[in-house]
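**Q** Chain residues, written in single-letter form:
Number of protein chains: 2
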Amino acid sequence: MKIYDFAFAPNPRRLRIFVAEKGLKIPMEQVDLATGKNRTPEMLAKNPAGGLPFVELDDGTHLAESVAICRYLEGLHPEPNLMGKDSREQAFIEMWNRRVELNLFAAAARAFQHTSDMFKSRIKQFPEYGATQRETVANQFKWLDAQIGNKPYIAGDRFTIADITAEVAVDFGVQAAGVPMDPALKNLARWHQSVSSRPSAKA
Amino acid sequence: MKIYDFAFAPNPRRLRIFVAEKGLKIPMEQVDLATGKNRTPEMLAKNPAGGLPFVELDDGTHLAESVAICRYLEGLHPEPNLMGKDSREQAFIEMWNRRVELNLFAAAARAFQHTSDMFKSRIKQFPEYGATQRETVANQFKWLDAQIGNKPYIAGDRFTIADITAEVAVDFGVQAAGVPMDPALKNLARWHQSVSSRPSAKA
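Line by line, the protein sequences are chains A and B.
Anchor point for the first sequence: position 11 equals 14 in the numbering used here, and the numbering is continuous, going up by one each time.
Anchor point for the second sequence: position 156 equals 159 in the numbering used here, and the numbering is continuous, going up by one each time.
Chain A on its own, in the form it takes in the complex (with noise of 0.2 Å):
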């Protein structure tokens, strides 16, 4: 197998965070997203929607979208488990992580491309637009902290992939879309510094 990566964005963190949650080591080969390498039609013959990660199977298959991969090696890799034991962990981990994707994740990176220089030549670019997904941001932070209250991880008593969509999305969040966290959200504060102590948040 082999993990087509890129070191400086967020959807590539997810898959490598858990990559090496799994202890796993899987080669990888960089494709510049900033240049347009994920867009070469030699990529897009690999993985047609244009985004990273993707992975090559070793009969010579490309498997894309962060979580399906993941998906895959979890079934791979059982333990330690990530996505859930049984089918109604697995649907709670799942509504975890969905919601922190949809609602907190997307609106980062909406934030993002609207803003940054980086997509001038990319999108059309709505900059008042992109203030009211840094406040959706904002708000999210504020939601996330309440949800988690007196929990050590987001879906429950153990770390998942919930966890890892969190971090890299608050994380981005912060440096990418510059949303600060409010330091009065003390759970926030709290499950954010025990992700980041692990080992796997600087993959």
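Note that these hints are calculated values from the structure, not bench results.
One thing to keep in mind: the hints can contain errors.
Same chains, same names: a pair is fine if it fits in one copy or spans any two.
Taking lysine-lysine and the PhoX-like style, the derived pairs with C-alpha atoms no more than 25 Å apart in a straight line are [unchecked claim]:
no.: 1; residue 1: Lys-49; residue 2: Lys-189
no.: 2; residue 1: Lys-154; residue 2: Lys-49
no.: 3; residue 1: Lys-25; residue 2: Lys-189
no.: 4; residue 1: Lys-154; residue 2: Lys-205
no.: 5; residue 1: Lys-145; residue 2: Lys-40
no.: 6; residue 1: Lys-88; residue 2: Lys-25
no.: 7; residue 1: Lys-123; residue 2: Lys-154
no.: 8; residue 1: Lys-189; residue 2: Lys-154
no.: 9; residue 1: Lys-49; residue 2: Lys-145
no.: 10; residue 1: Lys-28; residue 2: Lys-189
no.: 11; residue 1: Lys-5; residue 2: Lys-49
no.: 12; residue 1: Lys-205; residue 2: Lys-28
no.: 13; residue 1: Lys-145; residue 2: Lys-189
no.: 14; residue 1: Lys-40; residue 2: Lys-5
no.: 15; residue 1: Lys-127; residue 2: Lys-145
no.: 16; residue 1: Lys-5; residue 2: Lys-25
no.: 17; residue 1: Lys-49; residue 2: Lys-28
no.: 18; residue 1: Lys-25; residue 2: Lys-154
Here the structure is a predicted model, which is why all the values come from computation and not from measurement.
Since the structure of chain A is already known, use the hints to place chain B on it.
**A** Coordinates of chain B only, in the frame set by chain A:
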């Protein structure tokens, strides 16, 4: 089990089609999204993210996010299989489901939200941004047509959750976001005719 549903919204329709394809009968309660009944304190106590659909399990727990609910139902009622029989097949079906969901369905939702009168009082609208999202929907129709090619279904040779998401996304793109299906897209038209003629399409 009970489903909290709203007949006129696309995510609840995804779940209804899934339930119909499984041959299940599950009681439903209508919650009027249009007048914000999903955001009353009573409803937010059940689903703090505020969306629909969500389900109440027999033990009183609430599970939200359409695909997470589908995964739970798939575990309880494995046949007909709609999400993959092993982790490899699950991963490829999830790849297709996510491509349609993140690239087409989400764009149709943004197009609708930023141009419809229904959202005037609910969000700060950017109609010009909504117009770019309509273009994205039209481009995604073309992309999907090319990806379907001669395949009978989105993820390959049988009907899966990826077809459900695509069916709901295409119908929502046409009817709510106002993006016509170009009749030149013959693969998309053939596939759409096929999924629309299944009894579940009326769910």
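**Q** Of the hints given before, which are not true for this structure?
**A** Those not satisfied are hints 3, 7, 10.
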